[in-house]
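**Q** Here are the chains, one letter per residue:
Protein chains: 2
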Amino acid sequence: MENTTLVPAGVMHSEFVRILKKIGFSDPKAEKCAEIFTSNSIDGIYTHGVNRFPRFVSNVKNGFFKPDAEPSLIHSAGALEQWNGNLGPGPLNAVFATDRAGELADQNGIGLVTLAFTNHWMRAGYYGWQAAKKGYVFLAWTNAEANMSAWGATDPRLGNNPFVIAAPYENEAIVLDFAMTQFSYGKMELYKSENKQLPYAGGFDTKGQLTKDPGEILLSWRALPIGYWKGAGLALLLDILAAVLSGGRSTAEITGSKKETGAEYGVSQVFIAINLKRLHNYPSIGDTTRQIIDFLHQSVPENENSSIRYPGENVLNVRKHNLEAGIPVNKKVWNEIIAL
Amino acid sequence: MENTTLVPAGVMHSEFVRILKKIGFSDPKAEKCAEIFTSNSIDGIYTHGVNRFPRFVSNVKNGFFKPDAEPSLIHSAGALEQWNGNLGPGPLNAVFATDRAGELADQNGIGLVTLAFTNHWMRAGYYGWQAAKKGYVFLAWTNAEANMSAWGATDPRLGNNPFVIAAPYENEAIVLDFAMTQFSYGKMELYKSENKQLPYAGGFDTKGQLTKDPGEILLSWRALPIGYWKGAGLALLLDILAAVLSGGRSTAEITGSKKETGAEYGVSQVFIAINLKRLHNYPSIGDTTRQIIDFLHQSVPENENSSIRYPGENVLNVRKHNLEAGIPVNKKVWNEIIAL
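Protein sequence lines correspond, in order, to chains P and L. Residue numbers for the first sequence follow the working numbering, beginning at 1 and rising by one. Residue numbers for the second sequence follow the working numbering, beginning at 1 and rising by one.
Chain P extracted, bound-state conformation (with noise of 0.2 angstroms):
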């Protein structure tokens, strides 16, 4: 496509490393944080990878996102940790929660951790594929401002609250990483600016309708919900779940202040792991795996140009392509993100 660059995943990891030490993050961090935009973009997952790191680093300028701000334990009991994120990058909170839950799963054979005063933690399945590869089954999701509407409203009352479940195959995983919409704002901005219908109805128009056309729901903000009724309802649990067990802020407070500001700041999550290791099937449940997954690959495809696949079977592919033939970005992207 003429409008795309492919860039190499070094260059891309480099440009990133250069910014964020610009705007005030320390060699490490700026290190990591530059990993995980690189990693998500290298899986394919663009619109939490390189399309949103003029966000982030537009949000971190106007601090909302402070480059310096480190988790701290507000309190602890037994398998259960509550920690304040403290404002600090998403990306950077995530990835300690996702550790810290191994951890106290390591100890109690669960571990659960919240954080509260996060942010946006850019794509769910990142901290599956880290939890899933180091051994643990993994559950977790953040909230986010509101949305989508309540089933029978007409407007933003939830989050669409991604939601990432992993458990380790292979030497890899089995990552499913989803928001309560149909489809993500981020995925519906991408075809509204390639031009494109989305391939099924994902959202209403300001009539009311059913429409496939994204730059229609982008207008009513009215992103439909998975399942019609049940995403509404999952999208809302969540949410509680989310603000309960942090003591941080709901979706109704994230969308106040986001009002107020502009930005989208201080969300709340949940990361549990569970430690494979410590379960008394442990050596069998590689085979266990197995076998769930050549019996759903031995599926009747519905015609020849159908693939049945597990979710993230297809990163593969995409991490192997793009990390060879470099990491296809809209060229305005890129411009916008080298002269930053």
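Just to be clear, a hint being listed does not mean it is correct.
[Claimed, not checked] Selected chain P positions facing chain L (Cβ under 7 angstroms, derived; list incomplete):
#, residue
1, F64
2, D68
3, T154
4, G247
[What the hints assert, rightly or not] As a list, the in silico BS3-like pairs of lysine-lysine whose alpha-carbon atoms are at most 25 angstroms apart:
#, chain 1, residue 1, chain 2, residue 2
5, P, K133, P, K258
6, P, K32, P, K192
7, P, K32, P, K61
8, P, K212, L, K32
9, P, K207, P, K196
10, P, K258, P, K192
11, P, K212, L, K22
12, L, K32, L, K22
13, P, K207, L, K207
Honestly, the hints are just simulated from the structure, not real lab data. For each residue, glycine too, the CB sits at the ideal point set by N, CA and C.
Starting from the known structure of chain P, arrange chain L on it as the hints suggest.
**A** Frame of chain P; chain L shown alone:
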């Protein structure tokens, strides 16, 4: 409706107790099991209450569900315990596991209990209400026989794997109880028995077209996953986690044995409880939840008939109504039951 009879809750409970004792349940087990089936019916979940009672009895009579079996501990690892359901009655095993997860959460902040070789728990929401009314945040799920295709496939490879998330609210609870199919097979059977179309497309017909006709979907056995590929992915991950964490059987194995015997038995379940009293913000949790619910209730309704509700909100109305007016039961179903 002329084919419906109103059964007082007490009468239903006594009938269930009578029948359960007749098929080998001890007095206390018959009482508790009858209470669960009756409570699900009072709450309006007839498909997983009174309507399913005859099939439950038949599975006991045929030896698939063991009326006197109780869960036994396989392995303990800190805040996590793996139990064998010993093919006992699913609802009784699930009540036990819910309580046990709560006890582990009392000690460790969070508690996880798995059940291998248990049976259909009927209504997921029952355990959500049970835990949340005692002050726990609660997540639980079960796997099941395959009744949903992988995304892009035509034959059943995934269970609908119901998932419940619950939190305390006022003196009651917010309880989200949802299967991975847009409509449960029980619900589709009910619509079909009433010659009604589904309100939204609920699956594919035998020609691969989306349809609202429950009869067509019961024929193709291709129920629509919530959120298309997302619900298919979630069903897969819930099965992997249930089988891996419990050491029990996967959807593939449950489906295999059903093909041989005609019965769905020996499923795997996960129960997670979090004790809110162990959190630093416990005193303000009621306010946090109320503020989230108030924000939801302030939504702009789509039209004058829209009612904006949290999951479980309407259950309170149905419960009150059915306790006062009697539980509406299909006459054919009730005659079948009283003849047992």
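**Q** Now tell me, hint by hint, if it's right for this structure.
**A** So, going through the hints one by one against the coordinates:
Look at F64(P): its Cβ only gets to about 22 angstroms from chain L, farther than 7 angstroms, so that hint breaks. Because the smallest distance between the Cβ of D68(P) and any Cβ of chain L comes to about 25 angstroms, over 7 angstroms, the interface hint for this residue is violated. Interface hint status for T154(P): upheld, as the beta-carbon distance to the closest one in chain L is roughly 5 angstroms, under 7 angstroms. A hinted interface residue such as G247(P) counts as satisfied when its beta carbon comes closer than 7 angstroms to some beta carbon of chain L; here the least separation is about 3 angstroms, so the hint holds.
Of the pairs offered as hints, the one joining K133(P) and K258(P) is violated, with about 36 angstroms between alpha carbons and a cut-off of 25 angstroms exceeded. For the given pair, K32(P) sits about 31 angstroms from K192(P) by alpha-carbon distance, which is inconsistent with the 25 angstroms threshold. For the given pair, K32(P) sits about 19 angstroms from K61(P) by alpha-carbon distance, which is consistent with the 25 angstroms threshold. Distance hint between K212(P) and K32(L) is unfulfilled; the C-alpha atoms sit about 49 angstroms from each other, more than 25 angstroms.
Between K207(P) and K196(P) the CA atoms are separated by roughly 21 angstroms; this keeps the pair inside 25 angstroms, and the hint holds. For the hint linking K258(P) to K192(P), the alpha-carbon distance of about 24 angstroms falls within 25 angstroms, and the restraint holds. A distance of roughly 57 angstroms separates the Cα atoms of K212(P) and K22(L); the hinted pair therefore is violated under the 25 angstroms criterion. A threshold of 25 angstroms between alpha carbons decides the hint, and for K32(L) with K22(L) the separation of about 15 angstroms falls inside it, so the pair holds.
Between K207(P) and K207(L), the direct Cα distance comes to roughly 32 angstroms. Violation of the 25 angstroms bound is thereby established for this hinted pair.
When the structure is compared with the earlier hints, violations turn up for hints 1, 2, 5, 6, 8, 11, 13 and for no others.
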